[in-house]
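**Student:** Chains as they are written, first to last, in the numbering used here: chain A, 226 to 515; chain B, 15 to 611.
By construction, these hints were calculated from the structure, which means they are not laboratory data.
Since we're looking at a predicted model, the values are computed, not measured.
For each residue, glycine too, the CB sits at the ideal point set by N, CA and C.
One or more of the hints may lead you astray.
Calculated from the model, a selection of chain B residues having no Cβ within reach of chain A, i.e. all distances over 10 Å [claimed, not checked]: (1) L96; (2) P178; (3) A209; (4) S409; (5) A532.
Label-pair ranges, simulated between beta-carbon atoms [to be verified]: (6) B/A339 - A/S440: 23 to 29 Å; (7) A/D484 - B/P181: 33 to 39 Å; (8) B/A72 - A/A452: 34 to 40 Å; (9) A/W472 - B/V250: 48 to 54 Å; (10) B/T336 - A/G368: 48 to 54 Å; (11) A/G242 - B/F265: 41 to 47 Å.
Interface residues of chain A toward chain B, partial, derived using beta-carbon atoms under 7 Å [said to hold, decoys possible]: (12) Y309; (13) A356; (14) M358.
Take a look at the letters that make up each chain.
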Amino acid sequence: MNVTTGVSVYGLRRRFGATVALDGVDATFVPGVNGLLGPNGAGKTTLLRILATVLRPDGGTVDAFGHDPSTAEGRLAVRRRLGYLPQEPGFHRQFTAFEFVDYVAILKEWADRKPRHDEVRRVLSLVGLEAVMHKRIGQLSGGMRRRLGIAQAFIGRPTLLVLDEPTAGLDPEQRLRFRELLGTEAAGSTVLLSTHQTDDVAALCQSVVVLLEGSVRYAGAPGGLAAMADGRVWLAADRDERAQLAWIAGDGQVRHIGDPPRGAHLVEPTVEDGYLLLAGRTAIEQAGAA
Amino acid sequence: MSRRLVPVLSAVLATAFFGGLAFGSPASSLVFVGPIVALLAWVAVHRRRPAREEAGWAAPAPAPARPVLAVPGTPRQVAAALGRAESHELAFSAWFGVGLGFLVVIFVTFAVIYADDNGQVWVEMVGMSPWFAHPLAGMTIVAAHRAATRPARDGTGELFESCPTEPVVRTLALLRTAAVPVGVFTAFLVAYSVALYLGSPAIHGPLPFHALPVLAAGPVLVAGAVFLGVALGSWVRFALAPVVAVVAVGFFALRLAAAGDPGWNGSSALSTFGPQADSPVVAGLLPTWWYLLWVTALGLGVAVVALLRFRRDRPVWLTGATAVAVAVAAALLGTAPPGGGEAQRVADLVAYPTEHQACDRSAGAPLRVCTYRPYRDLRQRVLAAVDPVGRALPSTVRPMTIRQGFGGDETDLPSRVRRLLRTEIPEQGEGEIKIEYAGDGAALQEYRLRVAFAGLGLRLPADTGDEGPMSIAGQARGVVALWLAARGLDLEEALHLATVENPGDSDENLVRGGGNDAFERGLAWPNMCGPVVWSPQDLEAARALMRAPEAKVAAVVERNFVRWSDPTTATDELLGELGLPSAGASETVVIRTEAHC
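Chain A extracted, bound-state conformation (with noise of 0.2 Å):
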């Protein structure tokens, strides 16, 4: 890879107190979109908090463009490239929407206040906001903050997006358009995505990277992650004690992952499948939570 045009990193360790969030990370994210997954916990917003250079690693490297964000030169020409969407963004409550990305704009360093304004009003219509902008934050509801949150990442159409779960608390048509929204602004751009949902990562990226307890379990395309489970996912009338992960799908039928049981028959597997084999039990738990 040509590590000018992508984001790698090396070794990376993390720890907060005596929990491993990160144990020797090796991961290389290239332009597209580049998913992440994993169960809370695994390590994944440790790592986005990392490329987005607000978080230190312990050890190792992260080589972002050629930049090397340990230095003030390189985390300046990391920032200088960066769109970074927080998993939990605060926002000024007493802000109207146009005047907070207009304070990210300016953080930005779009000091300029005609192409500054004109760069607001259009991220601020690429997420449907445009009516509202004059709008106090406090008065929008949670969707229409996450859309904010996600204005102020594309200002200034960055190279590099980290996006910490962006289509948390977005319904299935928002979520949606955060596709669309990606396939035309990020045209190009290095897009690191954590997210719990699988058919996301199906649908929008060209890799995907699994972290499980604070390492890589795989690294590769989605279809890669759906092809681990290939020859193990069954469908059957009744629940199988011995399957390692089973659940009742849509249909009345019971998906089963691992082992044939009685009756089932195979069926094509979803990265979602390969993902849960690979996170097994505490995974499915959690996805279903989220």
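Fit chain B to the known structure of chain A by using the hints.
**Tutor:** Chain B only, in chain A's frame:
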């Protein structure tokens, strides 16, 4: 934009309303809040209707050409742009609105409601600039602290940190918001000064060069308030930290301002309230320039403390060291004894006032008014007020001089000036009436009464001190004095001079321990520290004289002036001579010295 006005205007409204309550009834508060209510109503009518429904997210429009940030803004440009955004937030914050409310209260109180009562000299009025700045400064500290801690409070810190702008640039931007309170307070000073100039004609005297630093200190203080709020926010996120700082600064500033009071207080130059003098005579000795340098250096030092949170390079340290050096120098020089030449000049002004004064004579009365030379307008104003009184006095009355003088005692002078005094501070001389600097309506009424009493041969002390006023209840000379003092006034003003408004109302008369007794009902002197007190019946008699034909009363007064000057002549004798009904036996006035003043 209009909706953003609501918090700040609401805060202004609330502060002005409660400020108005402090000065009178709820109705009087309407004077304060009326304009603001009107503005809020305008906002309510013109504000944009909020969106009623969830804004949908339609398919994104075809993206326009890729936005290009050709050249990232320089830190200076970014700080300027952020500063504008933060200034907007500060200007529309509720805390800042409370500060604005205080300014509204001050303006309406002193420049509108009590405009006619402003009779001080311009030096004293200008000296109020730091005092007026403090309420706004206090609220600005809180507002600036909240702005500096906003990312931590609202959880935007991580997002902001991921941006290329360094925290020190954000701090610089916050420091730049000082322009808002500086602009607001400067506008207030201009409006206030214009209002006083137009609406308070009794303010008089020169505006010397040494007064300007005190005027300039107000804007410097409110700028320093922003710096302090930002510095606190940079280091201490605790929400009550700015409140603690405001209380601490206020406490120490007041202690420094009041140290040694009454009397000369050299340490007052270290108070943010500014150097204080009990008399304009010594105002020229105040270290006003050192004070301005002191508060400027303090402000600069605090700004450096804010920057040190994120940047500790050589320029910042050098700036901090410079600020500390300047502050120390200003503190030492500001509290040092005044220079010898200026001290000698003030000593001469105090000890030998006649050598530094000019006098204007009355054309038709044995009367002249002498003031220090720069106070020509006061001289003319006093002469115009007392001239009709002097003309009503018989020609047999000895000439008298109203002379301006230093109103304090030796403790009000710096030690260096005390040592240079070659004589005692002159008391009120024979045939003289001593005045100080007041030129407001009440002071002029007092001068009228003093001239009248002096004409009647009753020499009143310039200050009653702890002895309290003397009673002239039932004496005709007190009634005649009131009639004489009312010469040149229209009937309404004349009757007002002989009337005690709301007797027994301690709030109204500032007389404590009261009760509606004869003392309070007879205390008609224009201020609470008057040297004489009449009986209520005397005041009734005086009003009867004022309503009677002037020529008739004048003839009776002049014909038997020696008799009316005699303290044994009763009020009823005067009324009888004029053919007016008796006012009744005078009540006995029991002097309450402890309740006086």
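**Student:** Which of the listed hints are not met by the structure?
**Tutor:** 1, 2, 6, 7, 14
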